[in-house]
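Novice: Spelled out, the chains give:
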Amino acid sequence: MWDWEVKTKQPWFRFGIRELFHYKDLILRFSKRDLLASYQQTLIGPLWVIVQPLLTTLTYVLIFSRVARISTDNVPPLLFYLPGVILWNYFSECLNGTMGTFQYNTHIFSKVFFPRLTVPVSQVLTSSFRMMIQLLVFVAIYGIYMLNYDLGVNRAVVLLPVSLLLCAGFAFGAGLIISIATAKYRDLDTVLQFVLRLFMFAAPVVYPSTIIPEEWKWLFWLNPLTPAIETIRYAFFGSPAFSLLPLLVSVFSVGILLVIGLVIFKRNEVRVMDTI
Amino acid sequence: MSDILIQAENISKRYRLGVLNANTLKEDLSLWWQRKRKKQAMVNVAGDSYFWALKDINFEIRRGDVVGLIGKNGAGKSTLLKIISRIVLPTTGVVRGRGRIASLLEVGTGFHPELTGRENIFLNGNILGMKKKEIESRFDEIVDFSGIEAFLDTPVKRYSSGMYVRLAFSIAIHLEPDILVLDEVLSVGDFDFQQKCLAKIDEISKKQGQTILFVSHSMQSVKSLCDTVLYLEKGRLVAHGDASSVVSKYLLRENAYVSIQKFLDKSNAPGNGTIRIHEVEIRANDQPVTGVIDTQTDISVRFSFWNLSKGHSLLSVNIIVINFLGEGIFSATSEEVGFKDGLIHGICRIPKHFLADGSYVINLVFFQDKQHILFEFNQSLSFEVKSSAKPLNTGRWQAPVRPKLPFTFTQTT
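Chains A and B supply the protein sequences, listed in that same order.
In this text, residue positions in the first sequence follow the working numbering: the first is 1269, and each later residue adds one.
In this text, residue positions in the second sequence follow the working numbering: the first is 184, and each later residue adds one.
Derived from the structure by calculation, the hints contain no laboratory data.
Even glycine gets a Cβ: it sits at the ideal position worked out from N, Cα and C.
A couple of the hints might just be wrong.
To be verified - Straight line, CA to CA, 25 Å or less: simulated SDA-like cross-link-like pairs of lysine to any residue:
id : chain 1 : residue 1 : chain 2 : residue 2
1  : B       : LYS316    : A       : ARG1539
2  : B       : LYS535    : B       : VAL472
3  : A       : LYS1300   : B       : ASP336
4  : B       : LYS553    : B       : GLY494
5  : A       : LYS1292   : B       : GLY282
6  : B       : LYS314    : A       : THR1394
7  : A       : LYS1275   : B       : TYR198
8  : A       : LYS1277   : A       : ARG1539
9  : B       : LYS417    : B       : ASN241
10 : A       : LYS1452   : B       : ILE270
What the hints assert, rightly or not - If you want the ones that stay clear, here's a sample from chain B, every Cβ over 12 Å from chain A, calculated:
id : residue
11 : GLN190
12 : GLN217
13 : SER268
14 : ARG279
15 : ALA285
16 : SER343
17 : ASP366
18 : GLU416
19 : HIS461
20 : THR478
21 : LYS493
22 : ASP524
23 : SER542
24 : PRO583
25 : ARG585
Isolated chain A (complex conformation) (with noise of 0.2 Å):
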């Protein structure tokens, strides 16, 4: 009988998706807008998308392989690094992006109103096409070991969008959740930045997972960054540590903190608006 109703509190499981979509062409100009806005005033412009993970790349293959002579299962380390850098910074970018939602958008979100969620979802959108060109870069570089290694993709390829949709999730759903715990602290975010540079080293970016202790493995393999880096380490070099439980553990775990980070901020996005 009426189309919409204000109450004191919001619902606990109305997601507004048919509103988001209807909200598309907004998605789609904000992920523009920040792409655009990103390279204004840079020296070498989108170029950075590329220059920016290998040199990354090569920093970690002086540090970790040449200095610290970590195992790099037998892959080049160039060619081991690339992959799991990529899909990191494609991870963090995505939580940078979605945990930023209130604090970079106070004023406009007190102005005007718009279903929020196209502010992180429109950032996840920005970083997912930074990573695809960078993944073209990766294909491209291995394309040219290929002359000199004996290397061959395997058909666990296909499982190379589950890892892809398994680090946006994961970021997307905590992102959510922190979005709205540091709209009310701000200090968080601080704290929050330092434990996500640790957290980088809790996740086979910088070394392959077969070194890990068998005690610790279960504890190691439930974050679900692991099995998204191995499964494509998996179908690009054949690393031995892959296996299908802990991809399926962790698509099922990322879809409850999903869940989980829809309902916190569904439930407080306007809430919050009176403590920012």
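Chain A is already provided as a structure; the job is to place chain B on it using the hints.
Specialist: Chain B in isolation, oriented as in the chain A frame:
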């Protein structure tokens, strides 16, 4: 399909006064620790004092109505609009509605300064819930109405504030939402554009049956445009009904326009040991003021006071005219006169065609020997001036005064 578009039931909004919650986790934790240690909740930074921005508001808005929202600053108008627009949640009550709502609570929210006018039309349209195709189909209309065509490809950070308003308003008004909510956005534009917007509001409500809820401080536009008016005072809805009766109630209750003040009892009249006010009155063409004063009439300020200064000094009276934004328009001081004690009457005449359209307040100041203030009678009178004639060629009267001054011309060739 019912005719009621918005139904507000028992709406209240409470804000906490003083220090709003601790903003860092550390502060909250230390608060929690203090409370725990002392075992009572007597540690309250906020002093647990609350402020009701709105209290028990009930109303309904019918389809196609133009509804005015009036009240002094801080009466809760913006809070109410924010609740209806789903920007903040009410503390109690529920608002139900039908159809799409678009609100313009501030001019140019969501404009990106680096983007051009053209890009911002799309960005802003999207934010207000329009799809790309809808914006494209109305693009020319929007540009045409805003009159910023020449600056379409200039970043909006180079726009003047007037251009900002024009563009923002044009976008909102061409959205064709079922309900258009406007906070005091119109007051920013120039006179010309304001008239154009008011005409447009009238048009879309009458022709397209759109419902409009808007805040205004101009009783003139409220009276001429609105079907019904909501009047808020300190968070409460004190009147809701047809425009002219609510506006009169507002003017009466808020003392919006005081055209006469009379004090018969000398001992209780405003003043002090040297001056007591007896009467102040504003007159138009020497007749009592009954409403808005036309710019083509002579205005006179009459005042009478008891002089109690024992005739020791030279007195002068200063009249200051202030507009509703609190800006002084002009100040006029009388000659110095040595009065004997007793009741003294004075008149100051403001010629016609002097003040521009607007609302004004008069302050009276009494001086001794041109330097020592004996008494200030602030906000003694107030009035509104409005032109009945169409503006001349330039079409705008942005200056506070527009006196008829003598011009002389010579031609040499």
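Novice: Does ASN241 (chain B) sit within 25 Å of LYS417 (chain B), going by the straight-line distance between their CA atoms?
Specialist: OK: LYS417 (chain B) and ASN241 (chain B) at ~15 Å, within 25 Å.
Novice: Could you let me know if the closest chain A CB is still more than 12 Å away from the CB of THR478 (chain B)?
Specialist: 36 Å, holds
Novice: Holds or violated: LYS314 (chain B) and THR1394 (chain A), Cα atoms, limit 25 Å.
Specialist: 20 Å, holds
Novice: Holds or violated: are the alpha carbons of LYS1275 (chain A) and TYR198 (chain B) at most 25 Å from each other?
Specialist: The given pair, whose Cα atoms are some 16 Å apart, holds under the 25 Å limit.
Novice: Beyond 12 Å on every Cβ pair: is that true for SER343 (chain B) relative to chain A?
Specialist: The assertion about SER343 (chain B) holds, with a minimum of 21 Å to chain A.
Novice: Is it the case that ALA285 (chain B) keeps its Cβ farther than 12 Å from each residue Cβ in chain A?
Specialist: Violated: least Cβ distance 9 Å, not greater than 12 Å.
Novice: LYS1300 (chain A) and ASP336 (chain B) were given as a pair; does the straight-line alpha-carbon distance stay at or below 25 Å?
Specialist: Since the Cα atoms of LYS1300 (chain A) and ASP336 (chain B) sit roughly 18 Å apart, the hinted pair holds (cutoff 25 Å).
Novice: Beyond 12 Å from chain A, beta-carbon-wise, is LYS493 (chain B)?
Specialist: Holds, because the least Cβ-Cβ distance between LYS493 (chain B) and chain A comes to about 59 Å, which exceeds 12 Å.
Novice: Given the hinted pair LYS1452 (chain A) and ILE270 (chain B), is their Cα-Cα distance within 25 Å?
Specialist: Given that 25 Å is the threshold and the Cα spacing comes to 17 Å, the pair holds.
Novice: Can you confirm whether the C-alpha distance between LYS316 (chain B) and ARG1539 (chain A) stays at or below 25 Å?
Specialist: 33 Å, violated
Novice: In terms of Cβ atoms, is chain A entirely out of 12 Å range of ASP524 (chain B)?
Specialist: 59 Å, holds
Novice: Verify this label for me: ASP366 (chain B) is non-interface relative to chain A, using a Cβ-Cβ cutoff of 12 Å.
Specialist: 9 Å, violated
Checked against the numbered hints given earlier, this structure breaks hints 1, 11, 13, 14, 15 and 17; the rest are met.
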